[in-house]
Amino acid sequence: LRDTPILTFMNKLDRDIRDPMELLDEVENELKIGCAPITWPIGCGKLFKGVYHLYKDETYLYQSGKGHTIQEVRIVKGLNNPDLDAAVGEDLAQQLRDELELVKGASNEFDKELFLAGEITPVFFGTALGNFGVDHMLDGLVEWAPAPMPRQTDTRTVEASEDKFTGFVFKIQANM
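Residue numbers (this note's numbering): 45 to 220.
Take these hints with a grain of salt, some might be off.
Here are the simulated SDA-like cross-link-like pairs (lysine to any residue), alpha carbons at most 20 Å apart as the crow flies [unchecked claim]: (1) 76 x 65; (2) 156 x 173; (3) 100 x 124; (4) 90 x 107; (5) 121 x 142; (6) 76 x 157; (7) 90 x 59; (8) 76 x 161; (9) 56 x 182; (10) 208 x 196; (11) 76 x 51; (12) 148 x 77.
Here are the in silico distance ranges between beta carbons for each label pair [stated by the list, open to error]: (13) 183 x 66: 25 to 31 Å; (14) 91 x 122: 43 to 49 Å; (15) 122 x 201: 48 to 54 Å; (16) 178 x 70: 37 to 43 Å.
If you are wondering where the hints come from, they were derived from the structure by calculation, not from laboratory data. Here a beta-carbon is modelled for each residue, glycine too, at the ideal position from N, C-alpha and C.
With the hints as constraints, model all of the structure from the sequences given.
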């Protein structure tokens with residue numbers, strides 16, 4: 045896998061999970077790949093309020109109970125925007141600011157060349173079942189992933205220009 049670009053999606057934020065910093069450390073230690081958080085969770089479980097995008101300086105607010113439907117997401121621009129405090133509560137907003145200060149100081153910055161070399165993984169947070177945050181990961185995939193290339197199969201070469209879509213998505217670790 046070492047020459048393969050890997051995107052990481054930390055799922056099930058609408059449930060109680062381990063501390064996100066612990067999860068990043070575990071990915072780095074177990075998979076021997078640097079983590080570069082792109083989004084960061086605001087609370088988890090019943091307190092999950094959304095994610096903050098570190099590179100866009102935007103907060104995406106989560107609405108629970110929407111299931112698999114695509115929800116219209118409220119976006120708050122700026123980490124110090126008073127609208128953020130109003131939307132998630134002053135305590136959770138301050139906790140987010142404190143965590144982000146630590147994250148920015150202790151984690152890797154995203155570098156496309158290191159990503160393409162399989163040395164760093166952009167990390168996104170969300171809830172797939174709640175259909176929230178997956179779009180950020182897919183946006184990253186579209187923006188940073190290498191262009192499709194021809195691949196040899198047992199019977200023929202699959203060309204990237206073919207009308208039919210072919211791709212591989214796999215889960216390499218669960219319940220970290």
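In ascending order, which of the hints set out earlier in this document are inconsistent with the structure? 2, 14, 16
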